[in-house]
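Protein chains in written order, with this note's numbering: chain A, 1 to 332; chain B, 333 to 645; chain C, 646 to 992.
Read the hints as simulated data drawn from the structure, not as lab findings.
There could be a bad hint or two in this list.
Claimed, not checked - Taking lysine-lysine pairs in the DSBU-like style, the calculated list, with each CA pair at most 35 Å apart, reads:
#1 Lys535(B) with Lys679(C)
#2 Lys897(C) with Lys245(A)
#3 Lys963(C) with Lys112(A)
#4 Lys679(C) with Lys726(C)
#5 Lys726(C) with Lys855(C)
#6 Lys476(B) with Lys668(C)
#7 Lys897(C) with Lys963(C)
#8 Lys799(C) with Lys245(A)
#9 Lys726(C) with Lys897(C)
#10 Lys855(C) with Lys245(A)
#11 Lys476(B) with Lys679(C)
#12 Lys807(C) with Lys294(A)
#13 Lys128(A) with Lys199(A)
#14 Lys199(A) with Lys147(A)
#15 Lys112(A) with Lys138(A)
#16 Lys535(B) with Lys855(C)
#17 Lys199(A) with Lys726(C)
#18 Lys294(A) with Lys855(C)
#19 Lys807(C) with Lys535(B)
#20 Lys535(B) with Lys799(C)
#21 Lys799(C) with Lys294(A)
#22 Lys679(C) with Lys668(C)
#23 Lys807(C) with Lys12(A)
#24 Lys112(A) with Lys147(A)
#25 Lys535(B) with Lys668(C)
#26 Lys535(B) with Lys963(C)
#27 Lys855(C) with Lys963(C)
#28 Lys91(A) with Lys128(A)
#29 Lys147(A) with Lys668(C)
#30 Lys679(C) with Lys147(A)
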Amino acid sequence: MPNHLLEVDRLKVVFPTRRGTLVAVDDVSFHIDQGEVLGVVGESGAGKSLTGAAIIGLLEPPGRIAGGEIRLDGRRIDNLPYSQLRRIRGKEIGAVFQDPLTSLNPLYTIGKQLTETIETHTDMTPTKARERAVQLLKDVGIPAAEKRIESYPHQFSGGMRQRVVIALALCANPRIVIADEPTTALDVSIQAQIIALLKRLCQEHGTAVMLVTHDMGVIAETADRVAVMYAGRVAEIGPVRDVIKHPKHPYTIGLMGAIPAIGHGTERLTQIEGAMPRLTDIPRGCAFNPRCPKVFDRCRSERPDLLATETSLASCWLYDDQRAPAREAAHV
Amino acid sequence: MTAPAAPGSPPGLLRRIFDSDLWYSFTRSWITMGSGICVLLLVVGALGAPVLAPHDTFDPATLKLMDAFTPPVWVEGGNPTYLIGTDNQGRDMLSTIMFGMRISLLVGFAAVLFSLVLGVGLGLVAGYLGGTIDALIMRVADIKLAFPAILIALLVDGVSRAALPRDMHDQLALYVVVFAIGVSNWVSYARTVRGTVMVERGKDYVQAARVIGIHPAVIMVRHVLPNVMGPVLVIATLGLALAILTEATLSFLGVGVPPTQPSLGTLIRNGNDYLFSGEWWIAIFPGLTLVVLALSVNLLGDWLRDALNPKLR
Amino acid sequence: MSETAARPLVEVQDLARYFDVSKPLLNRLLEGGKRQILRAVDGVSFDIPRGRTFALVGESGCGKSTVARCVVGLYPLSRGKMIFEGVDIASMRTREAMRPFRRRLQMIFQDPYASLNPRWRVRDIIAEPIRAHAILSGREAIDARVDELLTQVKLNPRDGEKYPHEFSGGQRQRISIARALASNPEFLVCDEPTSALDVSVQAQILNLMKDLQRDLGLTYLFISHNLAVVHHMSDEVGVMYLGRLVERAPSKELFRFPRHPYTQMLLDTIPDIDMTGRQRQPVAGEVPNPIDPPPGCPFNPRCAFANDRCRTEVPVAKRAGEALVACHGIEEGRVPVIERVPAPVAA
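One chain only, chain A, in its complex shape (with noise of 0.2 Å):
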């Protein structure tokens, strides 16, 4: 049995309010190995971001783990006690939000962050340890970090913060980076210069990324492979370049073509008709099927799991071979 790095297997986060139990995400399975980077890429909604704070444990309550195990190196991290997750997170897991600016405490300079958190974590002296915060802050490309590292947040920009971020993330020289929208909150020209430089140093690491995404491009440039979230479910996943060339779930099919791309004609987009359904009414069945042109009775009713494809595997029916009849059906 290969051991991944990271597991994830059926996860269920639920959330408990006033109009029952909301199921943010159901049952998703994914493995990241060694040095891999996985993007996950879903709209807004389709749990992505929610599966991060869960590997993390930083689901924010009432949202909790209803159902399933997160494994790291095969061993389970899902249920373990808060000061046992604490020591995990930093050392093993780091962590890249969105926004730069709270992921850093306003009132401490970048140097002080920074090596507080390898001292906490490894059992480097106080010189040694801002050494190598000098290091990161130089391997994440901070022009005179030896100077910079006396700066508090608020004296960088937004993409000089979110590199210092990147810099805490890997501290501790963690197996897994957990990226959530890493980029989102960059101007495009800063954007790049982070998934160059979120690219290079994994390389340069080893380590493994999960990147949580809502763009299509970014994906496409940084990660292996790619899994696809929709209503809190896993609709595909697999080798980058064959979601992204020839998707295979009808969602994504989609979600490709209303992307609107430079070198592609300008002529009408392809359009998902309706919104993903909010966490209060998910359909019966397959949660995409009241949107997609290829729906069937069966989608109706049951639940599809993910089914190998040619290239991915993809939650939906029309790869159970036993339909194979009925997709020649539906078809017609």
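For chain A, the structure is supplied; the task is to place chains B and C on it using the hints.
Relative to the frame of chain A, chains B and C by itself:
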């Protein structure tokens, strides 16, 4: 509003209230429910005093001096006619409290209304016009804040006493108190409204109305004002408790409402004289009523503030 | 008739908008410091023929939204003209003079959550321009028009009774569009209309906007930071940097032969979704503080081709091929222009 709902039209007002998040959060906490019930009981008791009170304390014919200083019914010497005893003139305490609460609530509501209108108006003007007028209004507000409310109230009362002939002052005393309390509390409304207006003014829906070509005054009233009323409602509720307490304090000091129209504060002052001679009930019961009233209103205000705050939801 | 057809519907000439961002007078007197003027937009010119789309593209803080707000009259101009059908509406001092034009130019905002008054029913939101301009009178006539508008933006007429919070972001943006269309405008200013939306919803809105343009003959000023969206929507594109228009060209020309080094850099930042494996030029540096822009060409600190002239002399827009480019390097021929994207394959 009362016509049967047409298909597809929104549900009726009552349904909307019981279905709303506000009502839901109200029923979530027994403290909020309890204070809601307390306020309801006290207000009904006060408003219905002429009908509900066992005795008419304003009719001298019914007063029996013989019954003065009757203790509550559960104390030795108590009389079942006077459930919680009588005062030094033989007036039924329960009835005087109910009538006193009328005055307290009247002054409280009137004062809140006064400061609300003044504060919201000034806040709107300051927030929308900005610049020099804004600076002027806000500096006046700062100066106002440097004076304790009670001092302003005393000042207003003192000036009106000196300026007005005595009988005219007694006639106007109620208005003077309302004015004094109202003037001392407008700043919190003005500040909140100004802040909210400045935020709302920059929002795109206000810009959209400007692009359409709506007159600025119309935008203020139809777009901005409704969106600042939430926080104003919270301050008004908390301010009601404050106004009732300020009125009680003024009346206790003898500069509040005239003795002919006793409020809770007047009653406490009256009972204070007998507190140490054993007739404790004359001061304690009005005092307790005041505490319960102010506390319940405050708790309701706290709930409203949390319930209307989207960040805490 | 022929004259209005020849003349562009909208002409923006040398538009500038400065903001006084200095501290209040009292603080300046006490703490020292001088007046600080932010030149958010400094001398932008373009025109839009009837029925066409002109797009302004640039990073945040480049002044593109300020241009939008100046054009619809939300900000007074510090300098320049905004000519609508031959009339300079920026010079109008009174609301009354402006009134006939208000109806004819409308705006769609970026954030569909902030641009609709949360306390109004959708029906009243859409009817507001109709009532304000007294286009129709009588409840029934207005209701019928609102139903028609809701259908036009692919919503159900019954949705009119609901409040904005009952709708998703994409549906709200449809409501915004319906409101903008209510007064039968000819010119719509769209300030990042889809940047708050998910891609599948963005496709719906972009398609809707294209359909409406075709059916109603609308003219668009389209503001966006997303080059792919701009490429999809526009006939002509202006690239803004630090309050100035650095390049202006027909859309096809701009994406094929980007000339200004900044335009070239912007095109390099687009993620390679087709996975062609093309090498991207590394992008260096960040946008400088607009309060204290560099002397000369505003792009010179980040430009690989900058020389002494670029650091001292502000370039003016000069014609280069089909484009207008404000760059000394292009003028002198020291910036190479490389063909980028293969021409769109004919379907």
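Structure-based check of all given hints:
1. Lys535(B) with Lys679(C): Satisfied, since the Cα-Cα distance of roughly 30 Å is no more than 35 Å.
2. Lys897(C) with Lys245(A): holds, 25 Å
3. Lys963(C) with Lys112(A): With a Cα-Cα distance of about 51 Å, the restraint between Lys963(C) and Lys112(A) is violated, given a limit of 35 Å.
4. Lys679(C) with Lys726(C): Status holds; Cα separation ~29 Å.
5. Lys726(C) with Lys855(C): holds, 28 Å
6. Lys476(B) with Lys668(C): holds, 26 Å
7. Lys897(C) with Lys963(C): holds, 19 Å
8. Lys799(C) with Lys245(A): holds, 31 Å
9. Lys726(C) with Lys897(C): holds, 28 Å
10. Lys855(C) with Lys245(A): holds, 27 Å
11. Lys476(B) with Lys679(C): Holds, at roughly 33 Å.
12. Lys807(C) with Lys294(A): Holds, because 32 Å separates the two Cα atoms, which is no more than 35 Å.
13. Lys128(A) with Lys199(A): holds, 26 Å
14. Lys199(A) with Lys147(A): Between Lys199(A) and Lys147(A) the Cα gap is close to 26 Å, so the pair holds against 35 Å.
15. Lys112(A) with Lys138(A): The hint holds at about 16 Å.
16. Lys535(B) with Lys855(C): holds, 27 Å
17. Lys199(A) with Lys726(C): violated, 48 Å
18. Lys294(A) with Lys855(C): Holds - the C-alpha atoms of Lys855(C) and Lys294(A) are around 26 Å apart, at most 35 Å.
19. Lys807(C) with Lys535(B): holds, 21 Å
20. Lys535(B) with Lys799(C): With Cα atoms ~26 Å apart, Lys535(B) and Lys799(C) stay inside 35 Å; holds.
21. Lys799(C) with Lys294(A): holds, 22 Å
22. Lys679(C) with Lys668(C): holds, 8 Å
23. Lys807(C) with Lys12(A): Between Lys807(C) and Lys12(A) the Cα gap is close to 33 Å, so the pair holds against 35 Å.
24. Lys112(A) with Lys147(A): holds, 13 Å
25. Lys535(B) with Lys668(C): OK: Lys535(B) and Lys668(C) at ~23 Å, within 35 Å.
26. Lys535(B) with Lys963(C): Roughly 39 Å between the alpha carbons, so the hint for Lys535(B) and Lys963(C) is violated.
27. Lys855(C) with Lys963(C): holds, 31 Å
28. Lys91(A) with Lys128(A): holds, 17 Å
29. Lys147(A) with Lys668(C): This hinted pair holds, its Cα atoms lying about 30 Å apart.
30. Lys679(C) with Lys147(A): holds, 29 Å
Hints 3, 17, 26 from the earlier list are contradicted by this structure; the remaining hints agree with it.
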